[in-house]
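Novice: What follows is each chain in one-letter form.
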Amino acid sequence: MPRIVRKAEATWEGSVSRGAGTVTAASSRAFDALPVTLASRIGDPDQKTSPEELLAAAHAGCFVISLGSELHRGGHPPERMELTCTITMDEVEGQGHQIVASSITATAHVPGADDADLQAALAAADAGCSFSSLLKRAGADVSVSATLERED
Amino acid sequence: MATDRTATVTWTGTLLEGGGTIDSVGSGAFGPLDVTWTSRAEEPSGRTSPEELIAAAWASCFSMALSHGLAGAGNPPTSFSTTVTVTFQPGEGIIRGHIAVSGTVPGLDEAGFREHAEEARVGCPVSKALAGIPEVTLVASLA
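The listed protein sequences correspond, in order, to chains A and B.
Under numbering that gives the first Met the number 0, think of the first position of the first sequence as 0, with each following residue one higher.
Under numbering that gives the first Met the number 0, think of the first position of the second sequence as 0, with each following residue one higher.
I should point out that these hints are in silico values taken from the structure, not numbers from a laboratory.
Each residue gets a CB set at the ideal place from its N, CA and C atoms; glycine is no exception.
It is possible that some hints are incorrect.
[What the hints assert, rightly or not] A few chain B residues facing chain A, derived, Cβ under 7 Å:
id : residue
1  : THR11
2  : PHE29
3  : GLY45
4  : GLU50
5  : SER66
6  : VAL125
7  : ALA128
[Claimed, not checked] Below 20 Å or equal to it, Euclidean Cα-Cα: the simulated EDC-like pairs (lysine to aspartate or glutamate) are:
id : chain 1 : residue 1 : chain 2 : residue 2
8  : B       : LYS127    : B       : ASP3
9  : A       : LYS135    : A       : GLU90
10 : A       : LYS135    : B       : ASP3
11 : B       : LYS127    : A       : ASP140
12 : B       : LYS127    : A       : ASP89
13 : B       : LYS127    : A       : GLU90
14 : A       : LYS135    : A       : ASP125
15 : A       : LYS135    : B       : GLU91
16 : B       : LYS127    : B       : GLU117
17 : B       : LYS127    : B       : GLU114
18 : A       : LYS135    : A       : ASP89
19 : A       : LYS135    : A       : GLU92
20 : A       : LYS135    : B       : GLU134
21 : B       : LYS127    : A       : GLU92
All chains should be built: construct the whole structure from the sequences, respecting the hints.
Specialist: Right, dumping it as structure tokens:
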């Protein structure tokens, strides 16, 4: 399969504490010039996104595709999945600020699958998601969990 | 103090024919945004993708670290812009990251700007999280 290339742009004006920046999805233009500041990155988001929130969206998007693929491979294509990712940044002694954790929780509606099927797909998705692997190699704690959604 | 940031995504149907939505992020700054396999692997057609979001995280993180480094050395920037390109090889993962930054920094020469850019490339939290990418390159120049 050919390589996938995606681009984003950021701008910044002024110092880090008093200045401000923007971030734009340059390949798709799905979002354009979203404001970012240091204060909203580490404190109250104040309706502004941040590098960590963008990583959470990336990991959620990557993982949901991995999980769906693994369920499909196991003979149980999902009808619907919902997944939340939380990225944690913290100051690590002697190493400055780091992404220390990514926590993913998923619920899935998978006709004909039992919990063992889901847990097997979850483990395979975690091993196969390239972004999970990168975060683990960098020392981040990646935790994943999934539950089956009951039919109404 | 630890900082948590959250995003929620839903997916309906199969990988190739179905599609997903980044429904919401904790800040409320964007969403819902559609994601599909086709727009991830082929033409974006207005839809974002995990790789583009990683590029966006990286570009904004690098920019904050660079402005911090410049100001700390007594050369706060007037402004600069950063473009990050992420290359993903299906089956292998992210194989390349490229950072290009250009800006205006009073009182600093190009070599000094490059030095600060290199520090930000190595030291920003997103760069550290992505340190396993086999090839990361940087081009820094004054505008």
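Novice: If a hint holds in the structure, say so; if it doesn't, say that too.
Specialist: Hints and how they fare:
1. THR11: 5 Å, holds
2. PHE29: Nearest chain A Cβ about 5 Å off; hint holds.
3. GLY45: 6 Å, holds
4. GLU50: 4 Å, holds
5. SER66: 4 Å, holds
6. VAL125: 5 Å, holds
7. ALA128: Hint on ALA128(B): holds, closest Cβ of chain A at ~4 Å, below 7 Å.
8. LYS127(B) with ASP3(B): 17 Å, holds
9. LYS135(A) with GLU90(A): 17 Å, holds
10. LYS135(A) with ASP3(B): Judged against 20 Å, a Cα distance of about 18 Å means the pair holds.
11. LYS127(B) with ASP140(A): 14 Å, holds
12. LYS127(B) with ASP89(A): Given that 20 Å is the threshold and the Cα spacing comes to 13 Å, the pair holds.
13. LYS127(B) with GLU90(A): The given pair, whose Cα atoms are some 13 Å apart, holds under the 20 Å limit.
14. LYS135(A) with ASP125(A): 10 Å, holds
15. LYS135(A) with GLU91(B): Roughly 16 Å between the alpha carbons, so the hint for LYS135(A) and GLU91(B) holds.
16. LYS127(B) with GLU117(B): Status holds; Cα separation ~13 Å.
17. LYS127(B) with GLU114(B): Holds, at roughly 18 Å.
18. LYS135(A) with ASP89(A): Distance of about 16 Å is within 20 Å: holds.
19. LYS135(A) with GLU92(A): 19 Å, holds
20. LYS135(A) with GLU134(B): 18 Å, holds
21. LYS127(B) with GLU92(A): The hint holds at about 15 Å.
Going through the hint list in order, the structure satisfies each hint without exception.
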